[in-house]
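Let the hints inform the model, and build the full structure from the sequences given.
The listed protein sequences derive, respectively, from chains A and B. This note's numbering puts the first residue of the first sequence at 14, with every later residue one more than the last. This note's numbering puts the first residue of the second sequence at 3, with every later residue one more than the last.
In short, the hints are calculated from the structure, not lab data. Cβ coordinates follow ideal geometry from the N, Cα and C atoms, glycine included. Errors might be hidden in some of the hints.
What the hints assert, rightly or not - If you anchor each label on the Cβ, the simulated ranges turn out as follows:
1) Phe98/A / Thr203/B: 26 to 36 Å
2) Lys27/B / Gly274/A: 21 to 31 Å
3) Ile55/B / Val330/A: 22 to 32 Å
4) Ser88/B / Pro550/A: 34 to 44 Å
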Amino acid sequence: MKDFFVTGDPLIYGADAAIVVTVVAIVFVLTYFKKWRWLWREWITTVDHKKIGIMYIICSLLMLFRGGVDAILMRLQLAMPDTKFLESQHYNEIFTTHGTIMILFMAMPFMFALFNWVIPLQIGARDVAFPYLNALSFWLFFFGALLFNISFVIGGSPDAGWLAYPPLSELSHSPGVGENFYIWGIQISGIGSLASGINFLVTILKMRAPGMKLMKMPLFSWSVLASCITIIFTFPVLTVTLALLFVDRFFGAHIFTMDGGGNPMMYVNLIWMWGHPEVYIVVLPAFGIYSEVVSTFSKKKIFGYTSMVFSMMIISVLSYFTWVHHFFTMGAGADVNAFFAITTMAIGIPTGVKVFNWLFTMFRGRIRMTQPMLWTLAFVPCFLVGGATGVMLAVAPADYQYHNSYFLIAHFHQTLIGGVVFGYLAGLYYWWPKIFGFKLNDRLGKWAFWLWNIGFYVCFMPQYALGFMGMTRRVYTYGWDMGWAPYNLVSTVGAFLMGIGFVVQGWQIIYSIKRGERDLTGDPWNGRTLEWSIPSPPPVYNFAKIPEASEQDAWWEMKKKGIKPTATSYEAIHMPKNSGIPFLMSVCWFIAGFGLTFHWIWIGLAGLAGVGICLLARSFQYKTEYYIPAKEVSRIEAMYRRGA
Amino acid sequence: MKKLAMAKTSLLLLLSACLLAGCDKRFILLHPKGPVAQKEYDLIVLSAILCAIVVIPVLALLVFIVIRYRDKPGNKATYRPEWNESKWLEVFWWGIPIVIIGVLGFYTAKTTFALVKPPVTNVKPVTIQVTSLDWKWLFQYPDQKIATVNYAEIPAGVPVQFVLTSDAPMNSFWVPQLGGQEYTMPGMAMRLWLQADKPGTYYGSGANFTGKGFAHMKFKVVAKPQSEFLAWTKQVKKTAPALTKEGYEKLARQGLAEKTAFSSYPAGLFEEIVDKNGGKYMSHEMKHGHGHMHQHDEN
Chain A
14 MKDFFVTGDP LIYGADAAIV VTVVAIVFVL TYFKKWRWLW REWITTVDHK KIGIMYIICS
74 LLMLFRGGVD AILMRLQLAM PDTKFLESQH YNEIFTTHGT IMILFMAMPF MFALFNWVIP
134 LQIGARDVAF PYLNALSFWL FFFGALLFNI SFVIGGSPDA GWLAYPPLSE LSHSPGVGEN
194 FYIWGIQISG IGSLASGINF LVTILKMRAP GMKLMKMPLF SWSVLASCIT IIFTFPVLTV
254 TLALLFVDRF FGAHIFTMDG GGNPMMYVNL IWMWGHPEVY IVVLPAFGIY SEVVSTFSKK
314 KIFGYTSMVF SMMIISVLSY FTWVHHFFTM GAGADVNAFF AITTMAIGIP TGVKVFNWLF
374 TMFRGRIRMT QPMLWTLAFV PCFLVGGATG VMLAVAPADY QYHNSYFLIA HFHQTLIGGV
434 VFGYLAGLYY WWPKIFGFKL NDRLGKWAFW LWNIGFYVCF MPQYALGFMG MTRRVYTYGW
494 DMGWAPYNLV STVGAFLMGI GFVVQGWQII YSIKRGERDL TGDPWNGRTL EWSIPSPPPV
554 YNFAKIPEAS EQDAWWEMKK KGIKPTATSY EAIHMPKNSG IPFLMSVCWF IAGFGLTFHW
614 IWIGLAGLAG VGICLLARSF QYKTEYYIPA KEVSRIEAMY RRGA
Chain B
3 MKKLAMAKTS LLLLLSACLL AGCDKRFILL HPKGPVAQKE YDLIVLSAIL CAIVVIPVLA
63 LLVFIVIRYR DKPGNKATYR PEWNESKWLE VFWWGIPIVI IGVLGFYTAK TTFALVKPPV
123 TNVKPVTIQV TSLDWKWLFQ YPDQKIATVN YAEIPAGVPV QFVLTSDAPM NSFWVPQLGG
183 QEYTMPGMAM RLWLQADKPG TYYGSGANFT GKGFAHMKFK VVAKPQSEFL AWTKQVKKTA
243 PALTKEGYEK LARQGLAEKT AFSSYPAGLF EEIVDKNGGK YMSHEMKHGH GHMHQHDEN
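Have a look at this one:
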């Protein structure tokens with residue numbers, strides 16, 4: 014038992030108590046209000062992309078909270094030299110989980126939430142191509158994230174960095190179960206991510222409304238297409254790499270250790286062959302969001318549509334050819350380093366073009382300062398500077414100086430927060446009324462916006478300076494001698510400002526549920542694309558009648574021509590049935606992962622057998638679809654019209 | 003317009019603050035003390051200028067557009083909601099980054115190749131073998147047959163070839179004022195050329211995370227005039243204890259260590275460390291990498 018539960022740290026005991034209290038409270042509320050059945054029927058078994066999107070968002074915001082707490086703890090430890098707040102071991106665990114959670118369990122589900130919310134609506138479809146698989150993706154992510162997160166109270170967190178380089182992550186240097194949690198948490202959710210990539214690729218290629226040629230498709234859909242292609246080519250690399258690391262740890266192989274003839278450099282190459290495209294996977298959809306938002310709130314067509322599509326596809330392809338820039342200092346030849354330096358800089362070209370196109374979409378437009386637009390406008394300068402420091406890092410010989418320093422830390426936070434998080438938040442504010450039927454409060458939103466933005470610069474600009482002062486990443490403490498203290502203190506203040514911004518956003522959501530401005534039109538922003546042609550929140554089948562979309566900005570053109578999306582007669586609608594199997598199968602994966610993490614082979618095998626049974630059970634289900642009768646459709650539509 | 007003026011002043015203030023900060027001696031990356039660090043510094047400056055050429059006008063353009071095209075009643079600026087392409091504008095903004103990346107790419111490649119060679123060729127270089135351990139640094143001087151822990155002395159004005167390996171997880175050897183870092187990898191012997199122009203004491207640290215004691219893996223590189231360097235090696239030879247086989251095994255165990263000097267070390271210790279960590283499986287070419295800073299084996 015001593016090895017099973019993490020002991021000896023008051024912070025952890027506090028977390029234990031909080032977890033127990035929360036679980037008891039949830040169980041109590043569900044039982045008291047008799048909501049178990051509702052939970053099962055409406056949420057756990059749902060295959061509706063809109064509800065799956067909502068579940069993704071809830072998890073993602075919880076993970077943003079967890080990752081954010083990690084960040085605050087780190088900044089507290091680094092606020093002053095020689096702080097005795099966190100032990101080295103604890104600090105190492107926290108930066109490892111912070112990185113892993115923010116990328117894999119915050120950014121990815123946030124991204125999938127927006128895919129789920131928007132893609133079918135934007136292309137005029139009734140669901141994704143494979144709704145059952147979509148539910149499975151979500152539950153695999155959920156249980157993968159759960160497995161990863163319980164490590165901090167059970168067994169111990171991973172502590173070898175978010176990419177777990179061997180030999181540090183091998184049994185020789187990390188004998189605990191932390192790295193096993195890391196491997197299985199990511200593996201299980203990774204299967205879900207790959208499935209989602211395939212799902213949305215097929216959805217976009219096969220399920221567009223009649224008339225919507227690829228080159229008429231909204232730019233967010235294009236960005237998702239680019240992102241999905243990248244997912245499909247890179248996630249298998251991650252899966253194989255972690256599987257090999259597992260083979261090393263579980264069976265005592267030597268794939269990634271030099272003794273025995275393996276090679277840790279191979280791991281570093283492989284993990285970045287996934288890791289670098291991964292950042293483009295998450296940033297491309299953000300580019301798509303900015304394109305939608307900037308056009309809607311400038312009341313103007315997007316500038317240079319073809320260029321925008323072209324540049325996203327170039328980024329998607331080029332992203333495979335830059336991975337070595339993460340380890341110029343490994344001593345590959347000058348030829349290799351020069352090649353990857355130039356490919357990396359080259360990515361700046363299409364990215365720069367996109368910035369110009371966004372600017373010229375606003376040029377000669379009419380700019381409305383709504384919340385989504387604010388985040389978009391904040392993104393431009395932030396990403397410009399982040400991109401510029403990226404080009405500076407791409408200069409291989411200069412990188413010998415920046416590598417693993419706080420300059421690097423500041424750079425990637427600037428692109429990931431300024432690019433990805435700002436983008437997703439813009440998307441959240443933009444599409445929130447579509448999914449929930451009410452807007453998020455403006456005044457609180459502006460407070461949150463300014464706290465986040467000011468906090469961001471206060472937190473990360475000093476970190477560029479710290480890089481120039483020679484401060485390296487992942488140090489849990491430092492002395493007075495190097496003059497790092499004032500910059501670190503300022504940086505910590507900035508982190509707290511962002512934290513307060515996040516709390517305000519939490520309050521904003523709660524406040525708006527009760528008091529937010531209701532959207533009765535379905536088109537609260539005077540939008541341009543098809544998702545705004547249907548009511549908010551949309552009926553389960555989205556479109557009572559599949560629209561025709563012959564123009565780019567289809568809904569805008571329909572409004573201009575005075576075409577109404579309503580119909581006089583309806584047909585029965587073919588829909589997928591709910592299923593509990595995705596949930597159960599993911600529970601089995603969780604059991605398998607947990608067993609293998611602790612080397613409890615029989616539990617691991619039992620879990621895997623459960624997975625097999627679930628697969629079999631599904632293949633014997635024949636009636637997986639149903640029809641909503643025409644009468645019912647017409648009743649629902651009439652109800653919506655009365656509401657409006 | 004008042005807002006714009008304010009934004010301009012604050013930007014100027016910010017810039018001058020940055021410049022002033024740059025003069026501060028504590029920004030060690032901006033105060034290179036050797037030819038390698040100098041070449042890298044020059045590229046840092048060049049890339050910063052080239053980036054600024056794009057970033058500053060674009061920021062100004064953003065501010066202008068947002069102010070001019072606000073959706074306010076009575077705004078008389080042109081409004082053309084259907085205007086969505088311009089061949090010449092597109093050519094212009096595909097062209098500018100291509101030219102800038104072209105220039106930067108050229109100088110990057112040039113310096114990358116230049117750094118593989120010793121910084122000066124008319125002086126006989128010194129070789130120091132570096133081993134990163136959990137969590138300390140061992141320096142061996144194969145020509146002088148002495149060793150040190152957590153500090154190294156070098157002659158000023160003489161190119162030093164550091165040969166890097168690890169008897170622990172991968173670390174990175176970094177002395178910012180003398181030049182950029184390179185990984186220390188188990189089973190590999192990578193080369194890194196550095197040189198100090200003037201005598202002085204330079205900060206060095208491990209730059210790749212290796213676990214619990216990583217934050218304490220700092221060391222000093224002391225550059226001295228050639229004669230004083232020689233005197234120092236002689237003094238170490240005379241006064242310091244020897245590093246025995248058992249002594250090394252003790253040193254290699256996880257933990258921190260004080261600065262120490264050794265008058266000798268077991269013959270072939272460095273090669274043994276490389277081989278036992280997997281170097282024995284590697285071809286000669288592989289073991290020494292194509293090193294971004296290596297020279298062809300002369301011995």
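Here is how each hint holds up against the structure:
{"no.": "1", "hint": "Phe98/A / Thr203/B: 26 to 36 Å", "result": "holds (31 Å)"}
{"no.": "2", "hint": "Lys27/B / Gly274/A: 21 to 31 Å", "result": "violated (48 Å)"}
{"no.": "3", "hint": "Ile55/B / Val330/A: 22 to 32 Å", "result": "holds (27 Å)"}
{"no.": "4", "hint": "Ser88/B / Pro550/A: 34 to 44 Å", "result": "holds (39 Å)"}
Taken one by one, the earlier hints fail for this structure only at number 2.
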